[in-house]
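Asks: Spelled out from the first residue to the last, the chains are:
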Amino acid sequence: MPVLRRASDLAAFAVALFCAAAASAGPPERVVSINLCTDQLAMMLAAPGQLVSVSHVAADPRVSPLAEEAAGFHLNRGQAEDVHALQPDLVLAGPYTSRYTVDLLRRLGVEVRELPVAGRLADIPGTIAQMGAWLGRESAAEALIAEFEAGLARLTPEPGTRPRAVLHYANNYTSGAGTLADEILGLAGFVNIAAEEGISGGGTLAMERILMLAPDLVITGQRYPGASRAEAVLDHPAMQTLRARRASGVSDADWVCGTPHVLSALARLVSLHAEVR
Amino acid sequence: MRFPLLLAGLALLVVALFAGSLLVGPAGIAPARALAALVRGEGLAETLVMREIRLPRALLAVMIGASLGLAGAAMQGYLRNPLAEPGLIGISGSAALGAVLALHTGLAAAFALALPLAALAGAVVAVGLILALAGRTGGSITLILAGIAVSAMAGALTSLVLNLSPNPFAAAEIVFWMMGSLADRSMVHVWLALPFMAVGWALLATLGRGLDALTLGEDAAATLGVSLTRLRLMLIGGTACVVGAGTAVAGAIGFVGLVVPHILRPFVGARPSRLLAASALGGAAMLLAADIAVRLVLPERDLKLGVLTALVGAPLFLHLIYRTRREGL
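Those protein sequences? They're chains A and B, same order as listed. Residues in the first sequence are numbered from 1 upward in steps of one, following my numbering. Residues in the second sequence are numbered from 278 upward in steps of one, following my numbering.
The set of hints was computed from the structure by calculation and includes no laboratory data. Just so you know, these numbers come straight off a predicted model, no measurement behind them. Heads up, a few of these hints could be off.
[As the list claims (entries may be wrong)] If you only want the chain A side, here are some residues facing chain B, beta carbon under 10 Å, derived:
| # | residue |
| --- | --- |
| 1 | R77 |
| 2 | N171 |
| 3 | G202 |
| 4 | L205 |
| 5 | E208 |
| 6 | R209 |
| 7 | M212 |
| 8 | L213 |
| 9 | T220 |
| 10 | A238 |
| 11 | M239 |
| 12 | T241 |
| 13 | L242 |
[Unchecked claim] In silico negatives: residues of chain A with every beta carbon more than 12 Å from chain B:
| # | residue |
| --- | --- |
| 14 | Q50 |
| 15 | Y96 |
| 16 | A230 |
Glycine included, each C-beta is placed from N, C-alpha and C at the ideal position.
Construct all of the structure, not just a fragment, from the sequences and the given hints.
Replies: Quick look at the structure:
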């Protein structure tokens, strides 16, 4: 028994030493990201060779605007075992990453940082700065923030009428007041009818209600491969008729994360606004 | 004279519930405007709501409810067992498996009729298996056990297919395929199901005389010129058509085929032929009522129809098992 105890003590000591070494060093050298939104910011800010792996979701063009870049990295599935094997000195996660994964990685002595979700456009510079500080890439972050703020300033809402718009995703899901999508719609000069209907955050809006409210613009969620009943509502004859008579757009990868890519979504909406008016 | 009166009463109930189904919904259209939109197409939004959303929903409730009532009454008449019901003995579950396979192999996207046809094939396999395992000579226990086995297998394979799908929403739809729902269906689904159901209704409707004769025993039925083989084939074909087509568009809805014949049996005497017609109307009424209820209870949540039908049907099923045991069958 004494021998065993000594061996376990030694192991604990080694782990502690390793952690201390990792924590005391300068910028992290082996960064692994396991969340779609941290994937994007890390790819935009990391020094060459600093970022080792991003989540496999980042390589899916349906949800990731940086899918091509992501294909050049090792793609992880966000499982603790698979992440640990990459020997990272920093793991980037989101607030909705599985608690079990984060806790297990921390118990294994891996440093895990969780980036808060940018729920408003005004939060985006803060999250960029935070990511820059974690990666030791403050100057790159400052440049990206300046670029984002300049881009945002160029896309100011046009004065005039405010056409009404709705976001229609699978299962009749929609984004109401207080969401990033709602803010983007408002900034492009649209009124979000889901917010008018009293929906705050995410919620559902029955197809019947959408038809009765007769929005000027219908933004539809994108389709995934394979069949699903949830997405069948997007192609329901009634919605097809509505879209044929009004303007329509697609909510794509640029809408998903609070990163500078939301500016592309905003730019497309601003041009739709000119069309609808 | 009591039987025509019963049919007229049930038909009136179906008409009233059909009208109710057309008038209930989150759009909040006043009845007069709803009628004008439905019949004359007044108002773009109202017309779309009435003709493309509520009308198919009400039509499907009638079609599927009638199918389930009819199939339940026919199976119970043939097996002379009140526990036989398409949902409970795995026919609906197998049809759902067929539908899910057609959808997720891409067959249904390539060829629209593949969806009802695959569901029909699933239902044929299940009815065939059930009749082979627990034919007219097996008792209630054999029937229930065979039903459990077929249901479990079909349910597991359906979940497997949906879990393997690359679509992120597919796995969440396991509950739709097992509980059924009519939310957001369209006229496309009505036209997809109707031809198969019409064939099935015709096949099942011709069973009446044979099932009546069967109440006298197999030998007596044979002397009356009833061919048991032909009867069985018509039953398999008819049940598979109606349950397969219904499940393909609305998922597996259980207990309708159990509850409705059970309630109506005392009113039609011991005549299976009369029970067929009454159960078709009763099934339509029950599913219309359930579909109105899911919209009133939880208007925004798409509560599944099978939840309501099981809440009514499961206690009745237990009662039937208790009574069957007491009678020593």
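Asks: Are the hints correct? Go through all of them and say.
Replies: Against the structure, the hints:
1. Hint status for R77(A): violated, given a least beta-carbon distance of 15 Å to chain B, over 10 Å.
2. Because the beta carbon of N171(A) sits about 7 Å from the nearest beta carbon in chain B, less than 10 Å, this interface hint is met.
3. Evaluation of the G202(A) hint against chain B yields a violated restraint, the C-beta minimum of about 12 Å exceeding 10 Å.
4. Checking L205(A) against chain B by beta carbon gives a least distance of about 9 Å; that is within 10 Å, so the hint holds.
5. Taken as an interface hint, E208(A) checks out: its beta carbon lies about 4 Å from the nearest beta carbon of chain B, inside 10 Å.
6. Annotation: interface hint on R209(A) holds; nearest CB of chain B at approximately 5 Å, less than 10 Å.
7. The beta carbon of M212(A) comes within 5 Å of a beta carbon in chain B, closer than 10 Å, and the hint placing it at the interface holds.
8. Interface hint status for L213(A): upheld, as the beta-carbon distance to the closest one in chain B is roughly 8 Å, under 10 Å.
9. A cut of 10 Å between beta carbons decides the hint on T220(A): the least distance to chain B is about 15 Å, and the hint is violated.
10. A distance limit of 10 Å between C-beta atoms decides the matter here; for A238(A) the minimum to chain B is near 4 Å, and the interface restraint holds.
11. The interface hint given for M239(A) holds, since its Cβ lies 9 Å from the closest Cβ of chain B, which is under the 10 Å cut-off.
12. This hint holds: T241(A) has a C-beta 6 Å from the nearest C-beta of chain B, less than the 10 Å allowed.
13. Restraint check, L242(A) versus chain B: the minimum CB separation of about 7 Å is within 10 Å; hint holds.
14. For Q50(A), the shortest C-beta to C-beta distance to chain B comes to about 31 Å, beyond the 12 Å cut-off, and the non-interface label holds.
15. Its beta-carbon lying about 15 Å from the closest one in chain B, Y96(A) satisfies the requirement of being farther than 12 Å from that chain.
16. At roughly 4 Å, the least C-beta separation between A230(A) and chain B is not larger than 12 Å, which violates its mark as non-interface.
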